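J.: Protein sequences appear in the order of chains A, B, C and D. Anchor point for the first sequence: position 328 equals 328 in my numbering, and the numbering is continuous, going up by one each time. Anchor point for the second sequence: position 135 equals 1135 in my numbering, and the numbering is continuous, going up by one each time. Anchor point for the third sequence: position 57 equals 2057 in my numbering, and the numbering is continuous, going up by one each time. Anchor point for the fourth sequence: position 77 equals 3077 in my numbering, and the numbering is continuous, going up by one each time.
What the hints contain is simulated information worked out from the structure, not anything from laboratory work. It is possible that some hints are incorrect.
[Said to hold, decoys possible] If you anchor each label on the Cβ, the simulated ranges turn out as follows:
1. C/Pro-2198 to D/Lys-3027: 49 to 55 Å
2. A/Glu-81 to C/Thr-2277: 54 to 60 Å
3. B/Arg-1140 to C/Ser-2078: 49 to 55 Å
4. B/Thr-1277 to A/Ser-249: 25 to 31 Å
5. D/Ala-3043 to A/Tyr-14: 27 to 33 Å
Computed from a predicted structure; not experimentally measured. Cβ coordinates follow ideal geometry from the N, Cα and C atoms, glycine included.
Given next are the chains, with one letter for each unit.
There are 4 protein chains.
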Amino acid sequence: MRALIGIGVIGYGYWGPNLVRNFAETKGAELRAVSDLRPERLAQARARHPQLRTFADAAELIADPAIDAVVIATPVGSHLELAERALAAGKHVLVEKPLAASADGARHLIDVAARRRLQLMVDHTFVYTSAVRRIRELVRDGSLGRIYYYDSVRVNLGLFQHDVSVLWDLAVHDLSILDYLVGERPQAVSATGVSHVPGQPENVAYLTLFFEAQLVAHVHVNWLAPVKIRRTLIGGSEKMIVYDDLEPSEKVKVYDKGVTLSPGPEGVYQMLVGYRTGDLWAPHLETSEALRVEAAEFVRAIETGAPGATDGAAGLRVVEILEAATRSMAERGRPVELR
Amino acid sequence: MRALIGIGVIGYGYWGPNLVRNFAETKGAELRAVSDLRPERLAQARARHPQLRTFADAAELIADPAIDAVVIATPVGSHLELAERALAAGKHVLVEKPLAASADGARHLIDVAARRRLQLMVDHTFVYTSAVRRIRELVRDGSLGRIYYYDSVRVNLGLFQHDVSVLWDLAVHDLSILDYLVGERPQAVSATGVSHVPGQPENVAYLTLFFEAQLVAHVHVNWLAPVKIRRTLIGGSEKMIVYDDLEPSEKVKVYDKGVTLSPGPEGVYQMLVGYRTGDLWAPHLETSEALRVEAAEFVRAIETGAPGATDGAAGLRVVEILEAATRSMAERGRPVELR
Amino acid sequence: MRALIGIGVIGYGYWGPNLVRNFAETKGAELRAVSDLRPERLAQARARHPQLRTFADAAELIADPAIDAVVIATPVGSHLELAERALAAGKHVLVEKPLAASADGARHLIDVAARRRLQLMVDHTFVYTSAVRRIRELVRDGSLGRIYYYDSVRVNLGLFQHDVSVLWDLAVHDLSILDYLVGERPQAVSATGVSHVPGQPENVAYLTLFFEAQLVAHVHVNWLAPVKIRRTLIGGSEKMIVYDDLEPSEKVKVYDKGVTLSPGPEGVYQMLVGYRTGDLWAPHLETSEALRVEAAEFVRAIETGAPGATDGAAGLRVVEILEAATRSMAERGRPVELR
Amino acid sequence: MRALIGIGVIGYGYWGPNLVRNFAETKGAELRAVSDLRPERLAQARARHPQLRTFADAAELIADPAIDAVVIATPVGSHLELAERALAAGKHVLVEKPLAASADGARHLIDVAARRRLQLMVDHTFVYTSAVRRIRELVRDGSLGRIYYYDSVRVNLGLFQHDVSVLWDLAVHDLSILDYLVGERPQAVSATGVSHVPGQPENVAYLTLFFEAQLVAHVHVNWLAPVKIRRTLIGGSEKMIVYDDLEPSEKVKVYDKGVTLSPGPEGVYQMLVGYRTGDLWAPHLETSEALRVEAAEFVRAIETGAPGATDGAAGLRVVEILEAATRSMAERGRPVELR
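Extracted from the complex, chain A is given alone in its bound form (with noise of 0.2 Å):
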């Protein structure tokens, strides 16, 4: 019988429970320790978890022999120094998105992790949703046919962040569904945004993506919105896509509408433009948690030494374009190039 992986959690704030939940009623692994700096939060977790060991210092929980895997959940700006801290000690590691401040702190942990055979992912949650799995298979089956563009709006009154803009936050969202549907990365960025708090990140922003051939991406991300949205479109040559992940139940619609194309009298560089709308369809999505989904992964990719589909070049690629994109906004849309 194989031993359990011991898990531990650093960071008991906004999404630490819900990871802790999920690694609790993970097959394969123990949850057996929290550390957060706040005494509340730990106390918090004790009354919900009883047995779980707490920590204050995480630099503990990192030590502790009864850790096989660390999952860190606290601010962007320290992922970097604990996840190479943990991977230091042989430490298995799963960090919120994003995976790092930047890409070199990124390409440092895949080094390091790779140097080690240690599994090092990153939580791109969505990914792990059943609706971005089911839109992939519609991708990768052809049912789309060839994708034309990809377009998000993910907006929403609140949390506004003090260390990260917008980008870092909700962007990071579209740009790890991206980079799942997608198997091809973006040549260039241009990316604009406003912060309306003296002193403070944009709290607006909006980006664009240009991939080879007609391929485009746009996100639109906002802290300061009356109301929720979490909306995508997708276009593809032989069906579109609307995924709207706050839907109760129909999240993807799958509509077989589009243009048809005919060279014109003057050859192909005069197309003339038909429309064709047909019936729609939403496909019947498990109701899987994601989160589960992805402890699951996790734990799959430390016992088989495989990497998980968030491995840590998906969480560089995609830190990648957060770092460009911010470069762009700093000067107004000025286009980024991506390698």
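For this one, chain A is given, so just place chains B, C and D on it according to the hints.
T.: Showing chains B, C and D alone in chain A's frame:
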């Protein structure tokens, strides 16, 4: 008793019939003639309005002494020539949006109209809707507080145009609304866009406008979307608006929501952000048809000599932005200064 | 070449103009005359259709030898007399819903039409919509399985009528849809309703129809609702439908949902219930106007002598239910047997 | 210092865990024990609340001297016996809705509780929601004017129950809301319903309540619907409400809409009807959990001796209607007088 103003409409295609129908019932005006190159369109105009004179040649309509004012509803590329010719013949002119295909053209028309003391107006239809007029009142009376952003999504399937990009077809609506709502001109624009039809102009585009202070505007337009969306978010320091033009009754929703800022322990550059949520309010809107209001405004401008809300200058301001945005779009979002 | 069928429309109020507009463009027919008691309505009809003969007196229209078929769009109370007179004059007749104010009246019209070998049709408009026709296909081809229930909500603010209750104005739509969808007649009806305006008929009403086996239908109609709702749920053993007539595009949604029944430990009378959830599917619907289809059907019926889908018999079946429901409503829901 | 009230919960099935969770955090109370016939349910209760005593036998929980008040969350059929036994043991009682399976049973419980000077409450959860409380304020302060109707749709797929019809499961919510909103009891009820599962109680039902004057209430409940709907229309002479419990934020919308009545030429019995449309307003609602408020109310009732908002009498009034409705439903809507 004042004589009726004789109206002639050039172009009886997609939009022309709406103009004809509305001018036919506008007090102070008499719809007298329609011209179109296509005989079958003229036949349809006659079937619906047996009293109309019809011309295949716009020049004849312009020359008709019974015509005091010319309404131009033809493709953008012909606006300049037709409007210039009508002004030269001493006729007042109302041009479908956008006013002209270039800022130089628009400026020329303004000059000619001024010299001949004729009214020149542009059909910025949304400016005449009760929804936009109500929003303007809320902006002007301070209800929204300081305006933080204007964010609009205007997408649907079709109608692809061959001579202009989706910016000139759809974003023009938002630019004219913004021009009407905000008493301020943007400083720079960054635009991105893609064409998915070989040899055709961009059918998906995104545009960010930078204003002084913290105001930002963003417009997302798309001819290749699976669903029709017409939704604008307007964020203010006191209140926020969701304006959904497809809602049958509550088009304008005013949210008493926002953030409260208080200086943090380290002063104004570390503001603390709090969240505020209050009631929702949707003012009752008149159901008047925008084109009817616009037609009356054109007639009033001619009668009084005082310019209408969407005069040549408004048309020029919008075209200047479209021109700059087109340049930016050609360079993947490079910001272009305005003036 | 076959001669055109001359059409005359009696009543140019709320609905008449729609009938006039559609018959004006129906192949095989020629719209020739309109009558209305109100001179201003006739003036409006002439303004829109200068070729029309207009009469203040319906009797003159009926007597006009150019008229082969009469369309009656007047208040319910006058249907019987006008239709009878038209049939007596040898004219085919299409009557706005409901066919007559009493089942006896409806039966009489059917008799007269049969004896004179004239077409008698009733304007059950929804039967000619692509949505209802698509639903019927799904019922008839077995897609829904056994039909369990039809449940409709049809409410809005206005238009209060003075001569008939909301049942005769709005529920008639559902009764005609049901008559078309289900090849079976109800056994009994229970109806309840209230008037909120002194001296006026009921403006809120509820109606339950009992069919053989387990099929039940329920209709909720209201002239005093703050919002407009037109939504019908249809439950079947295999699939279920939500038909929302206010949806701009996906009016008919087919849910692959339901219960699975398996005999419990104590046999068939203790069925175990399981739940089944599958995909959603919304078939593309033609955007043809229902009245256009209906007008063509009336013309075809006259030309061929074969009755239309909403012939006098269909009109009678609906009126019989309305009559029984009215009796039930007067006694607070006491069930009234049909037939 | 006042001693804590010891709480024991009988039944840890679907609803019990919610009661347990809320009483565990209610000031003045201490959750001390749970009983359930199923060992696996007790194991789950212990896993979540390690401090709890657990009993397989409800009688033991009732007998436990540490228990001052018993909360009963078992199938309806057992409410009477368990509540009676708890009252007999001198324990205060809160019973899941409906209070009992018969009005006689409910009356008996009220008698026993009164004689023993114990609190008897029923879990009419919706009475404790901020939405229903806000609506009550609007009714009581006259904002709505005279109430014309209450119309509710409460449908979804599942959960079929074996011992009671959908009336006792879902309509009970609306009856308890009505009882709370309207200071008046209905005079008669007409109900219809059908079972689609052999040998099982009705899974679709409709219920009309007649009040004095013009007030009517209607409830539509269904366990076999393809979509979940929780929507109530409330019509008043001054304003109208749409209460949609599934809306994430604007659950209560107040429409300034209605009819205006003026005497017609022939006096008050020929009222002329006009239509009035004004603003929409959605009051901000607290996001407090209803069960939390209810638990606090139960504790307060025990401490002060003053009955809670949903006391035994309220429970009885609802059960009386359910009983009468069940009789009416068995006779296809025959109206049944209520006292």
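J.: Run the structure past the numbered hints and jot down the numbers of the failing ones, going up.
T.: 2
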